[in-house]
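Chemist: In the order they appear, the protein sequences are chains A and B. Under my numbering, the first residue of the first sequence is numbered 1, with each subsequent residue one higher. Under my numbering, the first residue of the second sequence is numbered 1, with each subsequent residue one higher.
Rather than coming from a laboratory, the hints here were simulated on the basis of the structure. Any given hint could be a false lead.
What the hints assert, rightly or not - Chain B stretches covered by chain A per the calculated footprint, using a threshold of three residues with CB under 8 angstroms from any CB of chain A:
1. 90-103
2. 293-300
As the list claims (entries may be wrong) - Below are the BS3-like pairs computed for lysine-lysine, each with C-alpha atoms no more than 25 angstroms apart in a straight line:
3. A:K81 x A:K14
4. B:K110 x A:K81
5. B:K334 x A:K233
6. B:K110 x B:K65
7. A:K153 x A:K81
We treat Cβ as the ideally placed atom computed from N, Cα and C, and that holds for glycine.
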Amino acid sequence: MSEYNFAYLDEGTKRMIRRAILKAVAVPGYQVPFASREMPMPYGWGTGGVQVTAACLTPADRLKVIDQGADDTTNAVSIRKFFQRTAGVATTERTAEATLIQTRHRIPETPLTEGQILIYQVPIPEPLRFLEPRETETRRMHALADYGLMHVKLYEDIARNGEIATSYAYPVQVAGRHVMDPSPIPKFDNPKLSDSPALQLFGAGREQRIYAVPPHTQVISLDFDDHPFVASKAPHACALCGDDGSYLDEVITDDAGGRMFVCSDTDHCATRRAAGHAGTQAEAIA
Amino acid sequence: MYVAVKGGERAIDNAHAFLAEARRGDPSVPELTVPQIREQMALAVARVMAEGSLYDADLAALAIKQARGDLIEAIFLIRAYRTTLPRFGSSHPVDTGAMAAIRRVSATFKDVPGGQVLGPTFDYTHRLLDFALTAEGAAPQAPKSDALGPMPRVSEHLDREGVIEPEPAHDPAIDAHPPDLTREPMELPAARALRLQALARGDEGFLLGLAYSSQRGYGRTHPFVGELRIGEVWVEVEIPELGLSVAIGAVTLTECETVNQFTGSKTQPAQFTRGYGLVMGQSERKAIAMSLVDRALRWAELGEEDTGAPVQDQEFVLMHADNILATGFLEHIKLPHYVDFQSELELVRRLRVAAMDAEEAAE
Numbered sequence: 001m002s003e004y005n006f007a008y009l010d011e012g013t014k015r016m017i018r019r020a021i022l023k024a025v026a027v028p029g030y031q032v033p034f035a036s037r038e039m040p041m042p043y044g045w046g047t048g049g050v051q052v053t054a055a056c057l058t059p060a061d062r063l064k065v066i067d068q069g070a071d072d073t074t075n076a077v078s079i080r081k082f083f084q085r086t087a088g089v090a091t092t093e094r095t096a097e098a099t100l101i102q103t104r105h106r107i108p109e110t111p112l113t114e115g116q117i118l119i120y121q122v123p124i125p126e127p128l129r130f131l132e133p134r135e136t137e138t139r140r141m142h143a144l145a146d147y148g149l150m151h152v153k154l155y156e157d158i159a160r161n162g163e164i165a166t167s168y169a170y171p172v173q174v175a176g177r178h179v180m181d182p183s184p185i186p187k188f189d190n191p192k193l194s195d196s197p198a199l200q201l202f203g204a205g206r207e208q209r210i211y212a213v214p215p216h217t218q219v220i221s222l223d224f225d226d227h228p229f230v231a232s233k234a235p236h237a238c239a240l241c242g243d244d245g246s247y248l249d250e251v252i253t254d255d256a257g258g259r260m261f262v263c264s265d266t267d268h269c270a271t272r273r274a275a276g277h278a279g280t281q282a283e284a285i286a
Numbered sequence: 001m002y003v004a005v006k007g008g009e010r011a012i013d014n015a016h017a018f019l020a021e022a023r024r025g026d027p028s029v030p031e032l033t034v035p036q037i038r039e040q041m042a043l044a045v046a047r048v049m050a051e052g053s054l055y056d057a058d059l060a061a062l063a064i065k066q067a068r069g070d071l072i073e074a075i076f077l078i079r080a081y082r083t084t085l086p087r088f089g090s091s092h093p094v095d096t097g098a099m100a101a102i103r104r105v106s107a108t109f110k111d112v113p114g115g116q117v118l119g120p121t122f123d124y125t126h127r128l129l130d131f132a133l134t135a136e137g138a139a140p141q142a143p144k145s146d147a148l149g150p151m152p153r154v155s156e157h158l159d160r161e162g163v164i165e166p167e168p169a170h171d172p173a174i175d176a177h178p179p180d181l182t183r184e185p186m187e188l189p190a191a192r193a194l195r196l197q198a199l200a201r202g203d204e205g206f207l208l209g210l211a212y213s214s215q216r217g218y219g220r221t222h223p224f225v226g227e228l229r230i231g232e233v234w235v236e237v238e239i240p241e242l243g244l245s246v247a248i249g250a251v252t253l254t255e256c257e258t259v260n261q262f263t264g265s266k267t268q269p270a271q272f273t274r275g276y277g278l279v280m281g282q283s284e285r286k287a288i289a290m291s292l293v294d295r296a297l298r299w300a301e302l303g304e305e306d307t308g309a310p311v312q313d314q315e316f317v318l319m320h321a322d323n324i325l326a327t328g329f330l331e332h333i334k335l336p337h338y339v340d341f342q343s344e345l346e347l348v349r350r351l352r353v354a355a356m357d358a359e360e361a362a363e
């Protein structure tokens with residue numbers, strides 16, 4: 001792929017994206033418009049994350065790409081291959097070894113460390129979008145910190161369902177100011193957003209927005225004093241590694257109601273199994 | 001027994017190989033060549049060039065071949081290629097008045113200087129399948145006419161009389177740096193130049209539906225096609241080192257100018273208003289639709305009422321006109337979403353248990 005620049009994008013485009021990233025870091029949670037490029041994969045496949053990754057990558061980086069928490073999902077494989085071809089960077093499946101992690105829908109279970117960058121793929125960056133479809137209007141609402149509509153929505157959830165009926169892309173407030181969509185991660189992951197030593201960047205290609213949570217920034221999941229936020233997961237332990245504290249996928253194993261629960265984070269699960277942990281069905285994947 | 005999902009990479013490679021084989025179809029049938037597509041699927045090529053925003057018929061034909069005839073996929077291939085190309089600068093505005101037209105019709109006058117020229121149109125064909133085309137035959141020959149004379153614009157006749165709103169004056173700032181939504185994030189409200197760019201590369205079907213809705217009463221456009229012309233125009237760029245303008249080539253364009261219901265008041269005499277469509281290649285449906293949508297979006301500057309129609313809503317139109325954006329977001333829902341679904345599943349189960357417990361307690 002020598003006909004393309006390092007990490008595909010030309011240097012001028014990368015500089016434009018880096019400027020947007022710097023602005024995003026300076027104003028945590030604020031959605032910075034950027035001139036998103038057409039990428040050689042479709043919008044919705046992670047073009048925002050890919051552009052942010054391309055702008056941050058250096059030849060010395062070690063890249064990890066996950067989708068649904070797993071390194072081996074098809075789109076994670078495809079994006080990792082894209083950067084192997086266009087940037088020739090080293091890749092890894094180990095969270096602890098990665099300098100840069102691009103993710104879709106999960107935050108790794110292994111706590112991130114200083115110097116790491118976590119890059120989220122974002123479909124709809126606007127947390128107010130489904131309350132107010134107009135961008136012109138939601139930008140005004142952010143400018144005025146006019147978040148009453150969001151609190152009314154959360155209240156109506158409780159009135160109707162007894163609890164806040166949002167289980168993923170659960171809205172947060174960053175550094176006491178901007179309400180932010182953390183991308184469609186399960187709300188189980190929300191506590192990991194706050195006070196992380198790693199830099200968290202969010203790229204929305206189709207919607208042309210980049211935003212950021214700088215290291216050690218407070219991120220609060222919106223709630224009420226009498227209905228506090230709860231990071232929930234399936235009430236089971238992983239059938240393979242036995243962890244009862246990690247986020248679980250439910251896998252249908254037969255057509256008679258059989259199912260098992262396994263870690264969504266494949267690196268976390270494999271690392272635990274290598275260390276000798278075993279769940280009730282550890283032999284199933286011998 | 002649980003089998004962990006592995007081998008994503010091999011599955012992807014095999015899927016691509018299957019795709020390549022399926023694209024070729026039955027190998028006993030001769031393979032399509034790119035020149036065949038360029039010459040004989042010319043209107044498909046035109047659509048790919050227009051919505052791909054790249055005037056290159058050979059590349060568009062190649063994209064159509066690679067995309068198995070899926071034009072939106074072909075447009076996507078062209079867009080992804082286009083985005084890697086350097087920008088040398090912008091041309092002078094093309095002079096469509098000096099177009100070497102192969103077709104030019106006006107619906108507002110029986111005859112106009114330069115004449116009504118039908119050109120290669122489907123308009124008066126009877127839509128009967130021509131089974132003779134299933135066999136290969138000699139290339140059809142059309143009678144040749146003398147070269148067409150100059151074709152002054154129909155709107156200029158109206159302009160001279162003052163019965164149509166004047167063209168907005170050139171904005172030197174926009175001429176020097178035309179807005180480009182492929183280089184700058186779209187900001188709303190968008191000026192007309194940017195709106196026209198968005199419409200020119202917008203999805204033909206979306207614009208057709210919007211324009212049709214405005215004709216049926218969702219919004220108010222009552223257009224006459226003042227003029228529709230198709231043909232080649234020169235593209236000229238200024239070469240700063242030489243201090244002069246040079247023609248770098250010719251492109252085929254379709255231009256539609258509509259004459260619309262008038263505005264006026266006690267102080268300002270009534271005048272017709274304009275809608276404008278300009279599309280790369282031969283694409284009449286798109287150019288006409290574009291001119292209706294352009295006109296509908298001008299409601300505010302013309303002091304018209306916002307009836308709440310979709311076609312009047314700039315944000316609605318501009319944010320949803322691009323088929324590459326739209327198809328990407330639409331189709332991405334087939335990617336794995338099981339982490340989010342799992343969280344929803346648990347929520348719904350929990351809410352159901354709570355509801356059933358409450359019901360039991362009530363009994």
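Chemist: Hint by hint, note whether the structure agrees.
Modeler: Hint check:
no.	hint	verdict
1	90-103	violated (count 0)
2	293-300	violated (count 0)
3	A:K81 x A:K14	holds (20 angstroms)
4	B:K110 x A:K81	violated (62 angstroms)
5	B:K334 x A:K233	holds (24 angstroms)
6	B:K110 x B:K65	violated (42 angstroms)
7	A:K153 x A:K81	violated (41 angstroms)
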